[in-house]
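> Chains as they are written, first to last, in the working numbering: chain A, 26 to 459; chain B, 294 to 367.
Source of the hints: derived by calculation from the structure; they are not laboratory data.
Mixed in with the good hints, there may be bad ones.
To be verified - Partial selection, computed: residues in chain A whose CB lies under 8 Å from chain B: (1) Thr72; (2) Gln365; (3) Gly367; (4) Pro368; (5) Pro374; (6) Arg415.
Because the structure is a prediction, the values reported are computed rather than measured.
All C-beta atoms, glycine included, are put in the ideal place defined by N, C-alpha and C.
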Amino acid sequence: MSSVTPQQSATRQVPSVARLIPNNTADGRLLDLGAHAQTHGQLPRLTGQQVLDQVVASGLTGRGGAGFPTGSKWEAMARARNPVVVGNGSEGEPLSSKDKVLLTTAPHLVLDGLALAALVIGADEAYLGADEKYAPRLQQLADQRFTSGWDSIHTKIVTTPPGFLTGQETALVNLINGGAALPVATPTYLKGVKGRPTMVQNVETLAHVGLIARYGAGWFRELGTASEPGTMLVSASGALRHPGVLESSIGTPLQDIFDRAGGLIDNPRYVLLSGYHGSWLPLTRHADGSTSAEGIDFSNEALAPNRLGAGIVSVLPEHDCGLVATSQALNYLIAQSARQCGPCLNGLPALAVTFADLIAIDDRSSRRKRRNAKDGWNRVLQLSALVENRGACKHPDGTVRLVRSALTVFSDDLTAHSQGTCLARQTNKHSTGW
Amino acid sequence: MISMVGKAKTATKVIVVDRIACEGRGTCAELLPERIALDEWGYPFISSGPIGPDLLGEAQRAVKMCPLHALKLR
């Protein structure tokens, strides 16, 4: 493994992309409707069908994590009777901050997209879910848009409580209906707000539509790849000098993201993609050891929504143990469970406790405990299989994905922990990110 | 996604559990052991695949007898 010193890995200049996040204002924000209009222009007078045609042609996919083609979704919802549209900005994932950044820097693009979505599917009610820190300000903006005639629909902002599952679309709809922000079993497109077919769309997706309606599908496709056009917001965290939210063309190598985030700190070896419901991946170094700052060959893991989910890249600090980090994430995920479904209610805590017990094995643990570690890890896999596909929402499935990737990627650490040692030898327990 | 092909009247049915409503009473596994097993906490595992005419009666009974109305034939 070649050593990449901080000097060698000094930040390369990687051009930034600024479609969604404004770069032409003093404070980097576009809160004023007039300034928004000056930057992006008025919304063109298009029919719902014309907007839909552009969205379909753009190839835009949902940026909330699932990556479903937006055009197909809108086409289907346009056939629904008496539908409602909901913008989802609740962003429960702790490693994600792109929706918060978007709502505080370019809220009008989101609200434009929401109004366009209502136009396309024929919704006469529009809602936008956002954290209490942003909801009052957003409601002011929505009111102003309606009274000034910018919007013909009066969007209602819904204050979402903190919590991992709040971002789940059925939870948001249940909250709008006066219930708790917890997932329900019925899909929103069948029965959502007030029992009506409801289309829930992530706020970044909506913001992209706000641009596509103005500049067209062809413009949208100028960046990104043929199969995944456009840009996406990435929340970069962990062992990076300047963690934060970056807008990037889809298909951008991860190294470019690292460089734009100020470069890696030390020599981290693992990255978590797609967040707490995502997967661990090893970082591989180039063999030539040249002066190139591209010490990481990530050409196969180029930036794409299907790999990054809602755009999350979190670098595990070099001196942190991936199994310990996974165990902490598991504890968080179990605490965030809605405790509504039996398999999740029973299976996930059992999974987390078994996992924590196994990584707690040390030189004071009994010989028997160490000998039985292998059975313990098999029990972790067994519990994973037991909860998968057996929840009303995807919480157990996402949790299992994280566990399985940890067991694969950290297999050496697993062996070490089973023998009572830790390869990372965490010298700094309070290192960045984790 | 939305526009699922309209189900023909003759279409075979599958068993679906409302995971939120289910409290693991286990009645279903007792009435339809051919298709339903219980996990270590008493919550049902449903074998995949449609319910054929041979099991339809038992399946309907299991649906009817679920104390939480958590079992459905779709």
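> Would you mind marking each hint as holding or not holding in the structure?
Quick rundown of the hints versus the structure:
This hint is violated: Thr72(A) has a C-beta 21 Å from the nearest C-beta of chain B, more than the 8 Å allowed. A least Cβ separation of about 4 Å between Gln365(A) and chain B falls short of the 8 Å threshold, and the interface hint therefore holds. For Gly367(A), the suggested interface contact is upheld, since its CB lies about 4 Å from the closest CB of chain B, less than 8 Å. With a least beta-carbon distance of about 6 Å to chain B, the hint placing Pro368(A) at the interface is held under the 8 Å criterion.
Checking Pro374(A) against chain B by beta carbon gives a least distance of about 11 Å; that is not within 8 Å, so the hint is violated. The closest approach between the C-beta of Arg415(A) and any C-beta of chain B is roughly 7 Å, which is under the 8 Å cut-off, so the hint is satisfied.
Going through the hint list in order, the structure does not satisfy hints 1, 5.
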